[in-house]
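As they're listed, the protein sequences go chains A and B. When we follow our numbering, the leftmost residue of the first sequence carries the number 37, and every step to the right adds one. When we follow our numbering, the leftmost residue of the second sequence carries the number 115, and every step to the right adds one.
I should point out that these hints are in silico values taken from the structure, not numbers from a laboratory. Hints should not be assumed to be uniformly reliable.
Derived CB-CB ranges, DEER-like [stated by the list, open to error]:
id : chain 1 : residue 1 : chain 2 : residue 2 : range
1  : A       : Q74       : B       : E281      : 29 to 37 Å
2  : B       : A283      : A       : P124      : 45 to 53 Å
3  : A       : R45       : B       : Q288      : 56 to 64 Å
4  : B       : A161      : A       : R78       : 57 to 65 Å
5  : B       : D388      : A       : G186      : 25 to 33 Å
Note that the structure is a prediction, hence the values are computed from the model and not measured. For each residue, glycine too, the CB sits at the ideal point set by N, CA and C.
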Amino acid sequence: MTDLYPIIRSQEFFKEFSEEDVHEVAGCATNIVLHPGQYVFREGEPANHFYLVRHGKVSLELLLPGRGVVVVETIEEGEPLGWSWLIPPYRWHFAARCDTLLRAIALDGECLRNKCEANPKLGYHLMLRMAQMMESRLQASILRMLDVYGDKH
Amino acid sequence: MATSIELTQAARDPMIPVPYVVERFLRETNDTFSLELEPFDPTYELAFRPGQFNMLYVFGVGEVPISISGDATDTKRLVHTTREVGVVTRAMRNLKAGHTIGARGPFGTSWPMEEAKGHDVVLVAGGIGLAPLRPALYWILRNRDEYGKVVLLYGTRSPEDILYSKELAKWRSQFDLEVHITVDRATTEWRGNVGVVTKLVGRAPFDPTDTVAMVCGPEIMMRFAVEELTKRGVAEANIYVSMERNMKCGVGLCGHCQLRGEFVCKDGPVYRYDLIEPLFVEREL
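Extracted from the complex, chain A is given alone in its bound form:
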């Protein structure tokens, strides 16, 4: 089995993690490659993984009845994808479709949760990083909800 430690170590998301913690995380990791048009996951499916995009672009989609499929966000190289693996009932709220060839690290959600239970320091760092990602997405969502470009400027 390929040691994914060096790849995970180089990811912005894990930049602040200790060497020991990154080794722990690497134990839950696999490498994936998907082709344009393939889905990383679909809405309603069990959320078993957390992804780090190494190359390519993914569209997060939501089906709006009567309006069709809407893209709510695009995720690109260096960005994390998915937090539903962390929060019960562990189901995806969106679908993630590859716009391009996708190379990513897939981290097993259950494996990560178990490691966090066993190692609270790792758990704290991972939760802190996830919280930062959520805060950034929340801010972005608020900006979009305000529809600022509709104003006079």
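Using the hints, position chain B against chain A.
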């Protein structure tokens, strides 16, 4: 009828509008349009600096401040892009080639084109905020060797709201300019980015320690853009923003656009961020 000498003299008084003829009306998006104007007096020349604005006067209706969005080297033609948001801009929308409009200006401060020389330049535009930045981009492209990497980050509401789409497509195909566009919402037919423009800052290829950033858009967007730029390592003193307040006279007399000791029409609209930061969240007085 006024002679051209009288018109030129009138132009020297900042309170008297210079008559311009509408040469072309261009529909940009569903609710934005551009007016290409030429002076009524063919000898009249208007010199402006990127980032400045004019007060445009629709005779019998009223006057509004609109940024100049054309090429600063073209002193015979004025270009203004605006959105229909009120009585005056709605009247402007109905102007056709051959109609007359008044313009006072140019007013205000400009983008730091000299200060940016020798550095990477990042332009962050939101919505119609691309219009006041376009003259800066024209300027850079005309003097391309004098600047480092140049990146335009542009965010808007939807693919249908993208301004200057043909020009953007042309700029995107150039090797000496990086253009990244994102929209707030899209269908699956849109192949580009979806998300807020501030998110592009983190991914953009520039050296944050040697970058001058120019930011224009809704103020809330500018706040978040500045935050992302500083997070990337761009010094606040190298970030410039264009403020918009209730400009009326254009020369700092009437006080409509006053923010504490600042008159945005005269001391702005372009400010260095570290100098305006305390006023950045100031409510209108």
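Task: Earlier hints that do not hold, by number - done: 3
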